[in-house]
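Chemist: One letter stands for each residue in the lines below.
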Amino acid sequence: MKGFRIMLVLLMIIALPVAAAAQKAKTIDELATMYDASSCKSCHAEIYAAWEKSHHARPLMGVKGGLMLTPLALKKGEPGSTAFSEDSPKKMTVKNFPCFKCHLPQAVISAEDSVAVELAEALIAKDSAKVAKLQITCIVCHNTKAIIHKRELGEPEKGVLYGLKDVASHGDKTYTKVKKSAIMKDSVFCGQCHGLGPNLEFDQAFQCANLYGSYLHNYVSSGGTHTCQECHMPKVDGKADHLIAPNFNDDKGTSELLAKAINLDVQTIGYEWLRKAATYVPKIVVETKITTTAGHRIPDG
Amino acid sequence: MVVTAKSMDGKEIGKVEKHYHPQATNCRDTKERYGAQWKVANLRDTSLQPNKTKAETIEFELPAGVRAADVTVDLVYEDVNPDNKYPIHSITKRVSLDK
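These protein sequence lines map, in sequence, to chains A and B. Sequential numbering of the first sequence, starting at 25, is according to the working numbering. Sequential numbering of the second sequence, starting at 730, is according to the working numbering.
None of these hints come from the bench; they were simulated from the model. Heads up, the beta-carbon is just placed ideally off N, CA and C, and yes, glycines get one too. A portion of the hints provided could be inaccurate.
[Claimed, not checked] In the DSSO-like style, the derived pairs of lysine-lysine whose C-alpha atoms are separated by at most 30 Å in a straight line are: (1) A:K307 with B:K747; (2) A:K189 with B:K744; (3) A:K125 with A:K114; (4) A:K307 with B:K744; (5) B:K822 with A:K300.
[To be verified] Quick look at which bits of chain A chain B covers, simulated, 3 or more residues with Cβ under 8 Å: (6) 80 to 89; (7) 292 to 300.
Put together the whole structure using the sequences plus the hints.
Modeler: Spelled out as structure tokens, the structure:
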């Protein structure tokens with residue numbers, strides 16, 4: 025009997041952290057900690073540094089310091105509020121932020137509604153520092169979104185990262201193993217968030233990025249063979265660039281990237297147009313041709 | 730894209746703008762919307778498409794006495810709002826009616 029009790033206590037001790045891990049985050053800090061990837065930095069410093077400058081590191085911040093989810097947090101009926109707004113930030117839930125589908129996928133599966141309340145209050149208070157804690161970290165792409173064939177392959181495993189190859193022993197305390205992802209090199213991986221078109225699965229339809237739809241229906245259909253990763257994550261010193269350009273906070277870099285992808289040809293002629301007998305109209309004609317090497321419409325997101 | 734024609738003394742003869750982007754409404758009225766939280770579906774799409782050339786012909790009639798013009802074509806990317814611009818290309822050509 026004594027042995028049984030000891031076993032029971034031991035089992036409870038082992039089971040406690042597992043149960044805790046299954047719990048959802050109640051605060052922004054808890055959610056940020058749950059998906060914290062700062063330990064990746066020590067071994068993957070260059071990749072981490074590039075990611076820190078990327079839009080993935082500030083998915084709720086918009087461009088140049090904006091807080092793009094603010095309209096959702098406004099009181100219903102207030103100028104600028106949306107169909108997702110409530111009478112009070114206290115009434116906000118995870119479902120009131122459908123943008124989480126892509127801008128913060130971990131919130132959909134790991135956040136209590138109290139996180140939505142805290143976020144709404146932070147947005148109204150223009151508390152950028154708090155909002156900035158919510159990021160699409162390494163864990164989101166390399167675990168949460170790494171498997172799309174869940175009926176065949178199961179859910180992403182705890183303690184496992186997914187990458188381009190198997191790594192039997194990964195030197196991280198939490199993520200001790202790396203498994204090869206079936207899709208990480210493919211455009212469909214990015215397509216999970218970079219949009220097919222209207223999000224019709226919600227009770228209030230809305231449309232964000234159409235990029236993947238454009239890629240499938242206009243680029244692939246016209247013979248395009250490059251993947252998103254080949255163009256947006258080129259190898260830098262042998263490693264995929266996790267800046268995933270463009271970075272719209274970098275004016276010069278964005279202009280250079282656009283100039284590389286878009287060609288403008290301008291031809292001109294000047295002549296005197298004979299509109300009718302003895303009536304010449306001096307005229308110049310400008311012929312412009314824009315071509316692009318992008319694998320999707322421009323602009324899109 | 731902004732195409733501007735100026736005479737040799739710098740006076741603007743004409744200016745034409747072309748806007749290339751998908752245009753969406755909320756599908757409840759005919760007003761174009763910006764912001765994912767208000768848009769529902771594209772109504773029109775003038776954006777640059779992969780593997781397709783966007784060609785334009787723009788004509789300017791010259792005022793009496795003007796026989797040459799500088800034509801500038803500015804291709805600019807605007808993000809979030811028209812004030813947030815990323816210049817892409819700027820090409821200027823002098824066009825003369827005299828041989």
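Chemist: All hints, please: hold or fail.
Modeler: Consistency of the hints with the structure:
1. A:K307 with B:K747: Satisfied, since the Cα-Cα distance of roughly 20 Å is no more than 30 Å.
2. A:K189 with B:K744: 55 Å, violated
3. A:K125 with A:K114: Holds, at about 21 Å.
4. A:K307 with B:K744: Roughly 14 Å separates the two Cα atoms, so the pair holds.
5. B:K822 with A:K300: The hint holds at about 29 Å.
6. 80 to 89: holds (count 3)
7. 292 to 300: holds (count 5)
When the structure is compared with the earlier hints, a violation turns up for hint 2 alone.
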